[in-house]
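**Q** Sequences listed follow chains U and V, in order.
The opening position of the first sequence corresponds to residue 1 in my numbering, with each subsequent residue numbered one higher.
The opening position of the second sequence corresponds to residue 1001 in my numbering, with each subsequent residue numbered one higher.
Derived from the structure by calculation, the hints contain no laboratory data.
Just so it is clear, CB atoms sit at the ideal spot from N, CA and C, and this is done for glycine as well.
Among these hints, one or two may not hold up.
[Said to hold, decoys possible] Residues on chain V that point at chain U, a partial pick, calculated with CB under 8 Å:
id	residue
1	Q1228
2	P1251
3	P1417
4	R1606
[Claimed, not checked] Looking from chain U toward chain V, a few residues come up when the C-beta cut is under 8 Å (computed):
id	residue
5	D136
6	S388
7	G442
There are 2 protein chains.
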Amino acid sequence: MPQLRIALAQVNATVGDLDGNAAAVVDWTRRAADAGARIVVFPEMMLTGYPVEDLALRGSFVEASVRALRGTAARLADEGLGHVAVVVGYLDRQAGLTPRVGLPAGAPRDAAAVLHGGSVVVTSAKHHLPNYGVFDEYRYFVPGDVVPVVRLAADTGGEVDVAVAICEDLWQDGGPVAVARQAGASLLVVPNASPYERGKAQARLDLCRGRAAETDAPLVYCNLIGGQDELVFDGASLVVGADGTLLARGPQFAEALIVTDLELRAARADAPPGDETADARDGTTMTIRRVVLPAPPGAGNPAEAITRTGPGAVAQPGESRPGPIWPGLDDLAEVYTALVTGARDYVAKNGFRSVILALSGGIDSALTATIAVDAIGPDRVHVVLMPSAYSSEHSVTDAEDLAKRQGIAARTVPIAPMVDAFEADLRLTGLAAENLQARVRGMVLMSLSNAEGHLVLTTGNKSELATGYSTLYGDSAGGFAPIKDVPKTMVWALSRWRNAQAERAGAEPPIPENSITKPPSAELRPGQLDTDSLPEYDVLDPLLDDYVEKDMGAAELIAAGHDPALVQRIIALVDRAEYKRRQYPPGPKITAKNFGRDRRLPITNRWREPYRD
Amino acid sequence: MPQLRIALAQVNATVGDLDGNAAAVVDWTRRAADAGARIVVFPEMMLTGYPVEDLALRGSFVEASVRALRGTAARLADEGLGHVAVVVGYLDRQAGLTPRVGLPAGAPRDAAAVLHGGSVVVTSAKHHLPNYGVFDEYRYFVPGDVVPVVRLAADTGGEVDVAVAICEDLWQDGGPVAVARQAGASLLVVPNASPYERGKAQARLDLCRGRAAETDAPLVYCNLIGGQDELVFDGASLVVGADGTLLARGPQFAEALIVTDLELRAARADAPPGDETADARDGTTMTIRRVVLPAPPGAGNPAEAITRTGPGAVAQPGESRPGPIWPGLDDLAEVYTALVTGARDYVAKNGFRSVILALSGGIDSALTATIAVDAIGPDRVHVVLMPSAYSSEHSVTDAEDLAKRQGIAARTVPIAPMVDAFEADLRLTGLAAENLQARVRGMVLMSLSNAEGHLVLTTGNKSELATGYSTLYGDSAGGFAPIKDVPKTMVWALSRWRNAQAERAGAEPPIPENSITKPPSAELRPGQLDTDSLPEYDVLDPLLDDYVEKDMGAAELIAAGHDPALVQRIIALVDRAEYKRRQYPPGPKITAKNFGRDRRLPITNRWREPYRD
């Protein structure tokens, strides 16, 4: 069988940075060429970043994306890389199409192009548009109806046919996968921008195996990495054989070039260039668009064809080099790395040089600080201790301990004078007095942010965000919330995991043991504990998971074994806190359903789950 | 021609309040029966309220909606109203359908039912799903493929065929309108939940005229009224003849029963009950579902048939009573009423008894306070004057003047002691010091809200929200922002309009003239004016309108005549302020594109409009 060396460029694109993203395409194509690859696959919407949201509706942006694509093709050739076939995602528009209501003229498309020899050889667009969870693509795009099949010379003589599909085209039945099979494609390559969530790596592998079998060809899945507002892309790109064998896998949350040699079915002799119509098996028809890339110099001579430039680049005929297979991270490592990646990229891509956060001695702020240090280094992390009359002694000592362990600059701003100034005038008691303390702390952080330019990190966890156990403009103040989607029980688990990691590496655990083991408290009144208002977190979190992520109604929750009285109480808390969540900063999604783009409920909402029929 | 008395129940539904909404259906059906109507039309999603957002994905909620529909049918009959045909919107599910990816089993439908004689006679669902602007219906619903055609006895003997379509089915070509024409319907009735925006009343009238002509039958357009988070529904229901004549129109922003007599084409003699397939002229086929309602007692005897219960209810054969036609509001009256409606319903539907806001003496807070008083009365509006060292004397006197004119409880909380307490510790200067003052004011409001239970109203306008000319957790703090979507120039225009209204009514103008005429200032440093940082608002607002609402790129803005340097500066301000807008409270949409559901841009976004190609 013909053999082809393919490279997957699993890289970090930045939304809107067309120049930077185009430069990355040239840079990583050079690396691919140096590694002897004849074809390199980039992620979905590589040139624009993903998701671009309403930028897709802005004519100037769409035009710039199309220009950037053409410019990239030309520049690749100028730099001697025209011989590499480059599969790259970008934002296109379909001129002439009468757009759907709500779309601008020149309907936007989530597109992929094959660049070669200085030209845009063929383009296509995503056929299946996801419009659920965090995705709103029916708002932005018209579906594609072309499956490109690109014929190129194999490394060992002969030719192969490479078909292209895009991301969601794998997740829904019919469409490009069905058409690629009908086209007899030797290989299906798929640019992706698939956001991380727990357990998704396995789901993707299972999916790719199934679709490779359907296509009857190996499948190359190249995913984006990096953070974009509330999403984190985890890479973990895949190559699977037609029989489901895992042939190569990229690392998680890191840029990488994955170079692998594939044995592929030879191109169909009876399929000339041009268009043919195919039944997409989803109620639509699509066009198979066959193009032939000019053979590189020396083609027709197998021994010549595989002699290319660059170190380690030369594969010998018959010498297949599958792999590499990066090991997958375990659950907690994966989540932790997602949080670090999300925080790091929010800081970097928004041009911040430093972050600031309040360190209470509790576990939420301890974990948030640790994530920040792992993301951008201790020199760029600033913490503030803001003890009040109700702060226990260990609050201060635990916080100081953490700052010392991690080498973070800490300062102390006692809040009593500010709290007193408000109370002198307003004479607050109860909840208002508790909230006041939290808000004074929020204001101190915002003031230091304004004065010194730090991004304020919010330290709330998902359990607290769900139940509204936080103060608007107080502990919820900030620009980014690294553990917003992390339930409290997982906050502890991640903290223990991170400490154990350090211990395994022979380093000092970054988080003081006392911050992990002590009972959680907001310390807004004497002797306050979270359990005064909430059940134990190991009871609360599974209930929240079933209500928020699984969207169970009250009857289902009770049938699932949750205490009926608790169900009623907690649901009411969650429902009532919607207005607070609406004003919360973004943070990285790690679960199947985060608060943000994923779960969209009205604030004004009289629906109360029924407890009796 | 047969004559039919029809009632449009233009009412205010509340999201999630199935019991309350069902009770309203019974109540307004009784009024329709009392007025002698044989058929009454309610708005789209009447039983659930609109939009329900992700509640559509919750199985318990969908089930409850279906139960509420059946319960309402039974209750109508129990209360002697079974003889009235009731067309009512609700949330349904299509059991057995393999749902689209992302939809729960039992795919949700935006449905309408005809209730009669205690039963649900026929149901259908919206065929065209809007997924642009503030709409996300492709996320929630499967499209309907049935057009019900309901045969009922006319008031003057004979029978008519009434077809049903839903809201967006009018706005897109093909579908129910095309099918209703093929069915030979005598009348097309359309439940709607169409959000208000400036100029939409005329667009709707034009649309209905066109669709009535296409259907070759009169068209009845019944719209919701009331506020729901960032949307306001304006009612203004319509009846137009097949020739485009406006036959009846409801009031704007008020509940009303619009009763009108229509001369209708007789039902087709050759069309028996049952299903037939029709080409929907949009690439799909739909089913015409013909049902016949049992004739009421006395049918067949025209003189009897029109003798029904209730005052003024008896139409004589041949005596057609078209109308009433409520006059439309002019532009400013319409916008002002939208803002009052939005604020009133946010307060009422979220169970607040009172509101609180900061009164600065400036025009934004003056208008916001006036809206609040018009919405819920002066006794429930609380204002706080929070002068600082930089407040001019007129700030206090203008604010006091307004409170006095409107009979609002005002209190004064000087912020110097709190500001000093922060500054003693943090030694802030410049922007940080300015923001500190705004945040102290925000904290005072939130403290009073916590202590006394008021909803905090935010007083920012759209120009300021667009450019980021506000302080996060300062003047942007609050639960609802009544003038969030109102550009500054329109803030002045509305204030002048409201004062002129009062003068016309012989009352004292509510807003002090000085608040309208003085140069705007945030008063956060000595002698500060908005024009230190921003251009004049009559230059700024048209530029913002073109950039934000019309989504023009830089080249288009310059071509449209905006100053190039200003374009560059203002665009940068707008782009940079995205993170602030994300944490802003909701407020009523009045323009073609509001900040919120309508305009969705990433925070992390390196795209900068090009000024040179």
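**Q** Less than 8 Å between beta-carbons is the criterion; does S388 of chain U satisfy it with respect to chain V?
**A** violated (14 Å)
**Q** Mind checking the CB of P1417 of chain V against every CB in chain U and telling me if the closest is under 8 Å?
**A** holds (5 Å)
**Q** For the hint on P1251 of chain V, does the least C-beta distance to chain U fall short of 8 Å?
**A** violated (23 Å)
**Q** Can we keep the Q1228 of chain V interface hint, with Cβ of chain U closer than 8 Å?
**A** Holds, about 6 Å.
**Q** Is the shortest C-beta separation between D136 of chain U and chain V less than 8 Å?
**A** Result: holds, 7 Å to nearest chain V Cβ.
**Q** Report holds or violated for the interface hint on G442 of chain U, using the least CB-CB distance to chain V and a cut-off of 8 Å.
**A** holds (6 Å)
**Q** Verify the interface restraint on R1606 of chain V: the C-beta must sit less than 8 Å from at least one C-beta of chain U.
**A** Constraint on R1606 of chain V satisfied, holds at 4 Å.
The structure shown violates the earlier hints numbered 2 and 6.
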